[in-house]
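Using the sequences provided together with the hints, build the complete structure.
Convert by adding 1154 to the 1-based position in the sequence shown; the result is the number in my numbering.
Honestly, I wouldn't trust all of these hints.
What the hints assert, rightly or not - Estimated spans, in silico, between C-beta atoms of each pair: (1) D1158 / H1252: 45 to 55 angstroms; (2) D1158 / D1190: 27 to 37 angstroms; (3) Y1213 / I1178: 13 to 23 angstroms; (4) D1190 / W1224: 14 to 24 angstroms; (5) Y1160 / L1258: 39 to 49 angstroms; (6) L1162 / R1227: 17 to 27 angstroms; (7) S1193 / Y1160: 41 to 51 angstroms; (8) V1173 / M1230: 14 to 24 angstroms; (9) M1230 / L1162: 20 to 30 angstroms; (10) D1195 / A1242: 15 to 25 angstroms; (11) F1192 / N1229: 14 to 24 angstroms; (12) Y1160 / F1184: 16 to 26 angstroms; (13) D1195 / W1224: 17 to 27 angstroms; (14) D1195 / R1227: 33 to 43 angstroms.
No wet-lab data here; the hints were simulated from the structure.
Cβ atoms here follow ideal geometry from the backbone N, Cα and C, with glycine treated the same way.
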Amino acid sequence: MNTDKYSLFKNILWLCDLVALNLILVLSSFLIARADAFSKDEYRMLHLLINMSWMVSLYLTDLYTAKHWWDFRNNMMRTSKVFLLTLALVFGFIFFYHYPYSRLFIITSFG
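Okay, structure coming up:
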């Protein structure tokens, strides 16, 4: 029974991460009108890439499946690693994709 609760809690955390991340992306898309993020396919691809890189980073750093996930210090260190790995993946994609994304949009999305 304990593993069922842990599995449910882990899935709820993954879902909360996705909802919060997409809420930030949608809000930044609304606030920055000059990016026109809803009508351009490049911004949709960027949203998908940010979501996928966040999920891959969560999996690679083992954030929610670690043994002592309730320890604040270890959880903050792992969350920082997830954020930095996501930044590296997304900025690498932007560097190689060569689409002129709005700098304000990128800063608002990650800031």
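Each hint, compared with the structure:
no.: 1; hint: D1158 / H1252: 45 to 55 angstroms; verdict: holds, 47 angstroms
no.: 2; hint: D1158 / D1190: 27 to 37 angstroms; verdict: violated, 45 angstroms
no.: 3; hint: Y1213 / I1178: 13 to 23 angstroms; verdict: holds, 20 angstroms
no.: 4; hint: D1190 / W1224: 14 to 24 angstroms; verdict: violated, 43 angstroms
no.: 5; hint: Y1160 / L1258: 39 to 49 angstroms; verdict: holds, 41 angstroms
no.: 6; hint: L1162 / R1227: 17 to 27 angstroms; verdict: holds, 25 angstroms
no.: 7; hint: S1193 / Y1160: 41 to 51 angstroms; verdict: holds, 42 angstroms
no.: 8; hint: V1173 / M1230: 14 to 24 angstroms; verdict: holds, 21 angstroms
no.: 9; hint: M1230 / L1162: 20 to 30 angstroms; verdict: holds, 23 angstroms
no.: 10; hint: D1195 / A1242: 15 to 25 angstroms; verdict: holds, 24 angstroms
no.: 11; hint: F1192 / N1229: 14 to 24 angstroms; verdict: violated, 34 angstroms
no.: 12; hint: Y1160 / F1184: 16 to 26 angstroms; verdict: violated, 36 angstroms
no.: 13; hint: D1195 / W1224: 17 to 27 angstroms; verdict: violated, 41 angstroms
no.: 14; hint: D1195 / R1227: 33 to 43 angstroms; verdict: holds, 42 angstroms
In this structure, the earlier hints numbered 2, 4, 11, 12 and 13 are contradicted, and the remaining ones agree with it.
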